[in-house]
Amino acid sequence: MSVVGVIGEILITAGVVTLLYVVWQLWVGDIIYSAERNATGQELSQTWADEYAPPAATPSPTPTDDLPVEPVTAAPIILPQPADTETFGVMRVPRFGADYYVPVAGGITRSGTLDHIGIGHYPGTRMPGEIGNFAVAAHRTTWGKPFNRIAELRVGDAIVIETDGGWYTYRFRTLEYVTPDEVEVLLPVPQAMDVPAGTAYMTMTSCSPMYSMTERIVAYSVFESFTPRSAGEPASLTEAVT
Amino acid sequence: MYGALWRVLPGPWWVRVLILIVLIAAAVYGLVFYAFPWVSQFVNPQEVTVQ
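Those protein sequences? They're chains A and B, same order as listed. For the first sequence, our numbering assigns the number 242 to the last residue and increments by one with no breaks. For the second sequence, our numbering assigns the number 51 to the last residue and increments by one with no breaks.
Since the hints were made in silico from the structure, they are not lab data. Every value quoted in this text rests on a predicted model; they were computed, and no experiment measured them. In this text, a Cβ means the ideal position worked out from N, Cα and C, and glycines have one as well. Incorrect hints may appear among the rest.
[What the hints assert, rightly or not] Partner residues are not named here, just some residues of chain A that face chain B (Cβ under 7 Å, in silico):
hint	residue
1	6
2	88
3	108
4	137
5	139
6	180
7	182
8	183
9	205
10	206
11	207
12	210
13	213
14	216
[Said to hold, decoys possible] Capping the alpha-carbon separation at 20 Å, the derived lysine to any residue pairs in SDA-like fashion look like this:
hint	chain 1	residue 1	chain 2	residue 2
15	A	145	B	45
16	A	145	B	34
17	A	145	B	4
18	A	145	B	1
19	A	145	A	164
20	A	145	A	175
Build the full structure now, drawing on both the sequences and the hints.
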């Protein structure tokens, strides 16, 4: 067996492994990781549902009234800032599918949160439901690509953060494309310097164009309501997306 | 290299093919779940945050 023959076989092997890598990075890896994310998120959601003990039954209003049932809302529970890689919620977006359950954790490092958990919360920005800006980031391509379909959001789409205590419904407003250094998108009122916030906003950032680092895509949403766990899943999660 | 591997493997040809399939599956598993994720952080410098 010649030395050249062995070198040739090694080169062919390297070529096959490289092709396998490309297939994994662009296709197989996403299938594996997104399934993993959704499973973890769904499990968390189920755990919270199981752990929840409904308070002692209160006398229900007389069942004779045929008025439409008002959705139950409450003042939002404001969670403390999470530690790095600490999962505190699950993002659910009907536009992205009924099985979309991506965990949200503290920190925006790739090695800690974005590659392995899913959606990362910018440390120091507000928490869900809090007046000001709740800012998160996630991959748009590779690593399960949680924000892959961010550009498909339409005005009014529900983006729900589920936590231990309940559901925070945000409504999508608009997209923006910015350069990577534009941290003003994270301000309490996005893009407005020195303006005190009067409402709760959510900023989602991801890469743009896909597979590139030259720009960022930003999605803004406005907080609508908080549904406590005692009231059950909000209608915003099951409403039809057209 | 692969010729030598073929000669080292025991048994009739179909046993060798079976062993090879298992070996290839093990190699692909190791690549997909350990090697590729590790390599990815160097060759796929995706940035999704503003800073």
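Hint check results:
Given the 7 Å rule on beta carbons, the hint for residue 6(A) holds: about 5 Å separates it from the nearest Cβ of chain B. Annotation: residue 88(A) was flagged as interfacial toward chain B, and the flag is violated, the nearest CB pair being 18 Å apart, outside 7 Å. Using the Cβ-Cβ criterion of 7 Å, the hint placing residue 108(A) at the interface with chain B is satisfied: the shortest such distance is roughly 5 Å. Checking residue 137(A) against chain B: minimum C-beta separation of about 5 Å stays under 7 Å; hint holds.
At its closest, the beta carbon of residue 139(A) sits 6 Å from a beta carbon of chain B; the interface hint therefore holds under the 7 Å criterion. Interface hint status for residue 180(A): upheld, as the beta-carbon distance to the closest one in chain B is roughly 6 Å, under 7 Å. This hint holds: residue 182(A) has a C-beta 6 Å from the nearest C-beta of chain B, less than the 7 Å allowed. Annotation: interface hint on residue 183(A) holds; nearest CB of chain B at approximately 5 Å, less than 7 Å.
For residue 205(A), the interface hint holds, the least distance from its beta-carbon to any beta-carbon of chain B being 6 Å, beneath 7 Å. Using the Cβ-Cβ criterion of 7 Å, the hint placing residue 206(A) at the interface with chain B is satisfied: the shortest such distance is roughly 5 Å. Taking 7 Å as the C-beta contact cut-off toward chain B, the hint placing residue 207(A) at the interface holds, the least distance being around 5 Å. At about 10 Å, the closest approach between the beta carbon of residue 210(A) and any beta carbon in chain B exceeds 7 Å, and the interface hint on this residue is violated.
Against a cut-off of 7 Å between C-beta atoms, the interface hint on residue 213(A) holds, since the closest Cβ of chain B lies about 5 Å away. The criterion of a C-beta within 7 Å of any C-beta in chain B is met by residue 216(A), whose closest approach is roughly 6 Å, and the hint holds. About 14 Å separates the Cα atoms of residue 145(A) and residue 45(B), which keeps this hinted pair within 20 Å; it holds. For the proposed pair residue 145(A) and residue 34(B), the alpha carbon gap of about 19 Å is at most 20 Å, so the pair holds.
Straight-line distance between C-alpha atoms of residue 145(A) and residue 4(B) comes to about 42 Å, which puts the hinted pair past the 20 Å bound. Taking the CA atoms of residue 145(A) and residue 1(B), the gap is near 39 Å; set against the 20 Å cutoff, the hint is violated. At roughly 24 Å between alpha-carbon atoms, residue 145(A) and residue 164(A) are farther apart than 20 Å, so this suggested pair is violated. In summary, the hint linking residue 145(A) to residue 175(A) is supported, as the alpha carbons are separated by about 18 Å, within the 20 Å threshold.
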